[in-house]
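Chains as they are written, first to last, in our numbering: chain E, 342 to 548; chain X, 342 to 548.
Please note that a few of the clues may not be correct.
Which copy is meant is left open, so a pair is good if it fits within one copy or across any two.
Only pairs whose alpha carbons sit at most 30 Å apart, straight line, appear in this in silico DSBU-like list of lysine-lysine [unchecked claim]:
1) Lys487 - Lys455
2) Lys545 - Lys470
3) Lys487 - Lys422
4) Lys520 - Lys509
5) Lys545 - Lys499
6) Lys520 - Lys545
7) Lys455 - Lys520
8) Lys545 - Lys446
9) Lys443 - Lys509
10) Lys446 - Lys509
No lab work stands behind these hints: they were computed from the structure.
So you can see what is in the structure, the chains are spelled out below.
Protein chains: 2
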Amino acid sequence: MTFISYDDFDSFDHIYRINLINSCSGYKSANLIGTKSAEGQENVAVFSSVTHIGSNPPLLGFFCRPTTVTRHTYDNIKATKFYTINHIHSEILADAHHTSAKYNKTISEFDKTKLISEYKKDFHAPFVKGCPLQLAMEFVEEYDIKANDTILVIGEIKGLYLEDHLLKADGFIDLAEGKTAAINGLDGYAVPTSNARFGYQRPKNES
Amino acid sequence: MTFISYDDFDSFDHIYRINLINSCSGYKSANLIGTKSAEGQENVAVFSSVTHIGSNPPLLGFFCRPTTVTRHTYDNIKATKFYTINHIHSEILADAHHTSAKYNKTISEFDKTKLISEYKKDFHAPFVKGCPLQLAMEFVEEYDIKANDTILVIGEIKGLYLEDHLLKADGFIDLAEGKTAAINGLDGYAVPTSNARFGYQRPKNES
Chain E
342 MTFISYDDFD SFDHIYRINL INSCSGYKSA NLIGTKSAEG QENVAVFSSV
392 THIGSNPPLL GFFCRPTTVT RHTYDNIKAT KFYTINHIHS EILADAHHTS
442 AKYNKTISEF DKTKLISEYK KDFHAPFVKG CPLQLAMEFV EEYDIKANDT
492 ILVIGEIKGL YLEDHLLKAD GFIDLAEGKT AAINGLDGYA VPTSNARFGY
542 QRPKNES
Chain X
342 MTFISYDDFD SFDHIYRINL INSCSGYKSA NLIGTKSAEG QENVAVFSSV
392 THIGSNPPLL GFFCRPTTVT RHTYDNIKAT KFYTINHIHS EILADAHHTS
442 AKYNKTISEF DKTKLISEYK KDFHAPFVKG CPLQLAMEFV EEYDIKANDT
492 ILVIGEIKGL YLEDHLLKAD GFIDLAEGKT AAINGLDGYA VPTSNARFGY
542 QRPKNES
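Construct all of the structure, not just a fragment, from the sequences and the given hints.
This is how it looks when you write it as structure tokens:
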């Protein structure tokens, strides 16, 4: 095996370093977060850090660095409280990834890609049409991460839309059937084709 | 599409609810966290919430609920400061998942599965032998998440071991080549077989 030490990290150029460290956590969730400013400007951006925090209450978190492209998403959430999380799937990989480009705040990524915004009921933020799973989210709280000046944004799931066939009898959502993607590093997208379930685990004989 | 409202969540039985909400964030990272208590008791447990927080410094976080099986991992990290993160791969899915069973603190999951602990250099915590990528981690800080009484544990990557062939010329680590798994919900494991890279994105003509 190759060993890379902490000191080695500092010897790498910037691109090499971010490619490497971004791959270390394993596969990451692949989501588009949709927002709309108080003035009506839409925004949609790819996030690889959306993470399950708890089921009761139903909470998801994500990390953003306010100095980057994710700033528009963060500002809109803080101003309006609402956002959507939409699973990136096999048909939109290139357009979804393109939302990582640094556009001016007055430009909607919906206008620069084939992604289509979609409004449901009276929810403020736009969903991404065609995504196999779409979540309506409301901001709950945030934490300033001292170690690197990022922000953990926590929101509650207010409702979810999903393709009928993905939902199984026990509540499991089959992401492979939805062709949902997973992110590898900064720019790699993998679409698993199947999964195996192992069920709830009880201890083997402890004697 | 099926719509499930916030109020619906409360109408579901416990298992249905946790299966459903745990699938909502998309694919999750699949890792084994290895620890050893100050008294020398080893522990290894599956975590699906390991998340990239930043590359400089190189930080990863994970969430744990101190009332569950993850308590042993948390206690050992707090007592010793060190832990390992090991990518779950196709050959160990069943054993990796079995570490979610609630064993007594005096029992090592290494003794109840075919997972083998491995020590490297003078690092305190055990790695999981055979994992395609293994990280030596040091605790940095933690945050109490008020919304649901979980804890965000943040650590710094002190070193990484990986199979030689996974590391590409630009620092990208090909997780598909390592047969690294992704987690779907509570008990589903998918192993992607390939990925596509889309590169760094610049804005299209803004005029």
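message = For Lys520 and Lys509, with the copy left unspecified, which applies at a CA distance of at most 30 Å: within, between, both, or neither?
response = Both, since 16 Å and 26 Å are each at most 30 Å.
query = Taking 30 Å as the upper bound on the Cα-Cα distance, should Lys545 and Lys470 be classified as within, between, both, or neither?
reply = Classified as between: cross-chain Cα gap 22 Å, same-chain 46 Å, threshold 30 Å.
request  = Could you place Lys545 and Lys446 in one of the four classes (within, between, both, neither) given a Cα distance threshold of 30 Å?
outcome  = between (56 Å within a copy, 14 Å between copies)
request  = Classify it for me, Lys520 with Lys545: is the Cα-Cα distance of at most 30 Å met within a copy, between copies, both or neither?
outcome  = between (35 Å within a copy, 27 Å between copies)
query = Can you tell me if Lys446 and Lys509 fall within 30 Å by alpha carbon in one copy, between copies, both or neither?
reply = Answer is neither: 40 Å inside a copy and 35 Å across each miss the 30 Å cutoff.
request  = Check Lys545 against Lys499 for me: Cα-Cα at most 30 Å, and say if that holds within a copy, between copies, both or neither.
outcome  = neither (39 Å within a copy, 34 Å between copies)
ask   = Taking 30 Å as the upper bound on the Cα-Cα distance, should Lys487 and Lys422 be classified as within, between, both, or neither?
value = both (23 Å within a copy, 18 Å between copies)
request  = Evaluate Lys443 and Lys509 at a C-alpha cut-off of 30 Å and name the case that applies: within, between, both or neither.
outcome  = between (39 Å within a copy, 26 Å between copies)
ask   = For the identical chains here, do Lys487 and Lys455 meet the 30 Å Cα criterion within one copy, between copies, both, or neither?
value = neither (37 Å within a copy, 39 Å between copies)
task = Could you place Lys455 and Lys520 in one of the four classes (within, between, both, neither) given a Cα distance threshold of 30 Å?
result = within (18 Å within a copy, 32 Å between copies)
Hint compliance for this structure: hints 1, 5, 10 are broken, all remaining hints hold.
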